[in-house]
Amino acid sequence: MRVQTAIDDQTAEQVQAFADYLLRIGDGRHGTSPDLDRNFVEIPRDMLLGGGQHHEGADHGMDGQVVRSSRLSRLIETVYADFNEEHQPDNYFAERIILTPKNADVLAINDMILDKLPGDAQEYRSVDTLDGDDELERQERSDLYPPEFLNTISLSGMPPHKLRLKIGTPVMLIRNINTKEGLCNGARLRVVSLRRNCMQAVIMGGAVAGKKVLIPRIALISKNSGFPFELRRKQFPVQVAFAMTINESQSQSIQILGLYLPGPVFSHGQFYVAVSRVTARQNITILAENPATTEDGVYTKNIVYREIVI
Numbered sequence: 286m287r288v289q290t291a292i293d294d295q296t297a298e299q300v301q302a303f304a305d306y307l308l309r310i311g312d313g314r315h316g317t318s319p320d321l322d323r324n325f326v327e328i329p330r331d332m333l334l335g336g337g338q339h340h341e342g343a344d345h346g347m348d349g350q351v352v353r354s355s356r357l358s359r360l361i362e363t364v365y366a367d368f369n370e371e372h373q374p375d376n377y378f379a380e381r382i383i384l385t386p387k388n389a390d391v392l393a394i395n396d397m398i399l400d401k402l403p404g405d406a407q408e409y410r411s412v413d414t415l416d417g418d419d420e421l422e423r424q425e426r427s428d429l430y431p432p433e434f435l436n437t438i439s440l441s442g443m444p445p446h447k448l449r450l451k452i453g454t455p456v457m458l459i460r461n462i463n464t465k466e467g468l469c470n471g472a473r474l475r476v477v478s479l480r481r482n483c484m485q486a487v488i489m490g491g492a493v494a495g496k497k498v499l500i501p502r503i504a505l506i507s508k509n510s511g512f513p514f515e516l517r518r519k520q521f522p523v524q525v526a527f528a529m530t531i532n533e534s535q536s537q538s539i540q541i542l543g544l545y546l547p548g549p550v551f552s553h554g555q556f557y558v559a560v561s562r563v564t565a566r567q568n569i570t571i572l573a574e575n576p577a578t579t580e581d582g583v584y585t586k587n588i589v590y591r592e593i594v595i
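As numbered in my numbering, residues 286 to 595 make up the sequence shown, in order.
No farther apart than 27 angstroms at their CA atoms in a straight line, the calculated lysine-lysine pairs in the BS3-like style are these:
1) LYS387 <-> LYS586
2) LYS497 <-> LYS401
3) LYS451 <-> LYS496
Now the in silico label distances, taken between C-beta atoms and shown as ranges:
4) GLU433 <-> LEU308: 48 to 56 angstroms
5) ILE593 <-> ASP322: 17 to 25 angstroms
6) ARG591 <-> ARG423: 45 to 53 angstroms
7) GLU433 <-> GLU515: 14 to 22 angstroms
8) VAL487 <-> GLU580: 44 to 52 angstroms
9) ARG423 <-> LEU308: 47 to 55 angstroms
10) ARG423 <-> ARG359: 43 to 51 angstroms
Note that these hints are calculated values from the structure, not bench results. Ideal placement from N, C-alpha and C gives every residue a C-beta, glycine not left out.
Please model the complete structure; the sequences and the hints are all you need to start from.
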């Protein structure tokens, strides 16, 4: 839990109230509506995008999709205010993030924001093969799983087949490369130059913030993917990091948070992990699509296995 230090009595009360709120969320001790089960938690109106004015009814059909896209754009503009100003300092991207439960939504949000970033995008395509020591077996399986199929595979912890980058793009490492140099899994960097087989980036946080490093393309092997083979993907070991999944954010400490909930969280502690990334309540903006609503407020799921936390 990351909570700011108070500078006066009024701030101290706000800090303590936010800390207590986080503890109730984490322990599953929050109140709920009598019309809902105990896994639902009220989202404070001041945390909702636009004060929650859009939660008067559900969205349906194509028009609903357009409306949801418009709201997501508003969330992006809230988190990444002054986004189009040139020469943003490294801490601009280091101190803000959009979190969401599922990787598919992360990819969509990252594409939306990358399109807004000034400059031309470069696309890097991975080289995908089957991993294994037996060459004959690899060849036989390659007939069943050609490269065109392997290219379509999207796995958590693996870079995409098509990786689009621009100068200035924030990225997150998804493998340990050199921990002594600060190049560890979860480290966030900003791209400063792009070449065919390597990129130069500057580390955005930690003890070595501001240090420039070179990142090569490397071979990454999938583990426990659910496929009857191990995928070997040669690609930059990064993913675009305007947005990331809630689970990926557990090592992050940020100042400005956008939480996008196209559906409810789906595992223990996810909602707590998301809202506890920031140090101050006023820096959280939540967009919940089609949440549970009552006369009293707007609710979303907070899954807590109470037998674990008690």
